[in-house]
Amino acid sequence: MEETLATPSETPRVNYLNARYGLKSWLLTKDHKRIALLYLGGVSLFFLLGGIYAMLIRIELLTPKGDLFQSQTYNKVFTQHGIIMVFFFLIPAIPAVLGNFLVPIMIGAKDLAFPRINLLSWYIYMLGGILTIWALLSGGVDTGWTFYVPYSTNFSNTYVVLAGLGVFVSGFSSILTGLNFIVTIHTMRAPGMTWFRLPLFIWSHYATSLIMILGTPVIAITVLLVALERIAHIGIFDPRLGGDPVLFQHMFWFYSHPAVYIMILPSMGVISELIANFSRKNIFGYSFVAFSSIAIAVFGFLVWGHHMFVSSQSIYAGMIFSFLSFAVAIPSAVKVFNWSATLFRGSVSYDTPMLYGLGLIGLFLIGGMTGLFLAAIGLDVHVTDTYFVVAHFHYVMVGGTLMGYLGGLHYWWPKISGRMYPESWGRFAALIIFVGFNLTFFPQFVVGYMGMPRRYHAYPDIPIWQVLNVMSTAGATILGFGMLIPMVYLIWSMRYGRAASANPWALPGLEWRTSSPPPTENFTVTPVVTWEAYEFAPPEELKVIGKLEPRDRADYPPDYPAYTES
Amino acid sequence: MAEGHAITHEGAGAQREHHAHAALAHHFDNLEQQREAGTIGMWVFLVQEIMFFGGLFLAYTVYRWQFPAAFVAASNHLNVRLGATNTIVLIVSSLTMALAVYYAQTGSRRNQLIFLLVTMALGTTFLVIKGIEYYDKYRDHLIPGSLIPGRPFHWDTVQHPLPIGVSEHNLEMFFWIYFAMTGLHALHMIIGLGILAYLVYYAYKGRFTPEYHAPVEISGLYWHFVDIVWIFLFPLLYLLGRHLEH
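From first to last, the protein sequence lines stand for chains A and B.
With the working numbering applied, the first sequence corresponds to residues 1 to 566, in that order.
With the working numbering applied, the second sequence corresponds to residues 1001 to 1246, in that order.
If you are wondering where the hints come from, they were derived from the structure by calculation, not from laboratory data.
Be a bit skeptical, because a hint or two may be false.
Claimed, not checked - So, partial list: chain A residues that the calculated Cβ filter (under 8 Å) puts toward chain B: (1) 111; (2) 183; (3) 213; (4) 220; (5) 232; (6) 233; (7) 234; (8) 235; (9) 240; (10) 241; (11) 243; (12) 244; (13) 245.
Even glycine gets a Cβ: it sits at the ideal position worked out from N, Cα and C.
Using the sequences and the accompanying hints, generate a full structural model.
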């Protein structure tokens, strides 16, 4: 089947990886694919660091007593785990790595609209990361990743300003990435690539970019005000000046709730690709899945108050936020139902990416449903600041984002590296990660519902609490080892993996119609799109790339150069 | 490798206009697409800017609602004449910027240079006047917190008795919001002047023609946006509640 599918007529020997050599060719590159790899290095580093902090937390909670850390040290450990994972792994992971690599290729463009801004965004990201690491090395920060005032402004004697500046700076990298995606998707689609032929990965990145543009500046100004408040002892959140600390919470969650959708939406885009392509079937209800991404982005901005049910918010505001939070479940459920319906009667293959895809559906279902528990005011008051909340957002953010990220990384690895990863190791690792993840976080629902509060280094010596915590730590250990497996074999495969063909999965998407790895300009001939997304048509229909059929004349601009040549 | 480069180059070149403009970046098909991308990019950036300033506008709204008397008293301490002058300066600068764009479109190098320079001069005037205002606040001990070490905020209660129910801290809050908002705005003006200097350099070199003038247009969008922010700041900070004076 691979032979009959479209492969570019002449596979160029020069691809984006070997077009140029040397450190300078990487650090000054304007190629979106190389920048994606720079980001891959960055986020992997921060993921490892955040993971080490997570392991430290789990080791401390193995026993009820605080034997590994003082409470102050523990506060720093969970804070740093949160800051690194949220701002430097979960938010950039899929958009900046997979999105950067694939958005231009999937729409048939040569690059993102602003390649230099794209490179700048990586440097900004790294600068923010370095500031944060500097804060950690100087002695750390203990406010929680939420930086709640007045603790962060008046009382904490740790490195809040440095860490805050790190978050402030890295915010601009995600603003610039979002800006680049929006402009690219609007202006650089290949001839024939209409909005409703776009892969759903692109739709979800468009929705993500909207949140990045509208939300990130708000956290930037908020964190900046907190930093200034600490430096100059003056600020709008300081109760001594008549300021209102709850205003901080409003401004913080106005971004940080939508930020959850920055993490999950790109992952949903990946999963839509995986489910449709590995079922070899058009996605069920394309436009519903596409618009549910936009709906999630819009609703996501209207629900921040559900983080503040116990923060002196009025009960009427609470009720409205509760109602709106329930409403977000609708577009989310649309996606889950449509994925399930796509699987129905598809020719499903269980390759590694698909295992992550199916895993995500399960984990997101649990994470999403427990989100409904938390949207209900009465129940939320009961479980506020307990491990129930911790388990919920790890199911959504880690279960959702990490599964999508790993699934996508495996799925596009042949395209990115030009090599196949070892399939059996891939499946094995996916299974280990799924088991480890559930063993880590499911007991936390139970212990949280029993009342174990988050953010304490010790807990009462109740036998069942310890049993659940030991399960959780055991799960985290399995998860940690599970994560190391792909790290090892993906690096291994870059050199020793089997060479990948242009289209190893035999799929119709545009990214599979260029060589693996692609040339620097992505396509040797500007592609002309004459097919719908996920059109599993007979193979001979797919050989149209680079050839111009007269019936598609209307799809091209009149001065389209390749037209006269063919 | 040399051979490889040739292939890559040819592959890219085949898709482009045969006599591509020197300013056309490698990944665009034509100048029109490039201009559209730049324009949408700037609009998206401005949306981001609105949200960035939005945090401060929100804070202003909340505290004006909470401390109306303090905000009126503190607002009356601002120099409305200088503020109004600055408003006029900026509106005129928007006009000259628009004219610079017009002359870039019609290809008059001389006129576009003149109007870019006039815009720069007006922008600088604005910053000088703003500096005078800041100096007045410094002299009157109205800079909040420890922004200036050793010179804490102090409201002269003899000359300006505090209204009933207003504490000095509430006034300090107003001035903090004033400095935060106008300071952020001034920072944007300074960046705008940097962009204008860049445009002047390339306009002098004759880079902008009726065919290619997108940078002037797009920078114009930014300049107008910064003006509009001031159009909101001036009434909110200087004028609201002014009739309640004394």
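Do the hints match the structure? See the list:
1. 111: With a closest approach of 4 Å, the residue 111 of chain A hint holds.
2. 183: holds, 5 Å
3. 213: holds, 5 Å
4. 220: holds, 6 Å
5. 232: holds, 4 Å
6. 233: holds, 5 Å
7. 234: The hint holds - residue 234 of chain A has a Cβ within 8 Å of chain B, the shortest such distance being about 3 Å.
8. 235: Because about 7 Å separates residue 235 of chain A from the closest Cβ in chain B, which is inside the 8 Å limit, the hint holds.
9. 240: Hint holds; residue 240 of chain A Cβ to chain B Cβ min 7 Å, cut 8 Å.
10. 241: Check passed: Cβ of residue 241 of chain A comes within 4 Å of chain B, closer than 8 Å.
11. 243: Status holds, d = 7 Å.
12. 244: Because about 7 Å separates residue 244 of chain A from the closest Cβ in chain B, which is inside the 8 Å limit, the hint holds.
13. 245: violated, 12 Å
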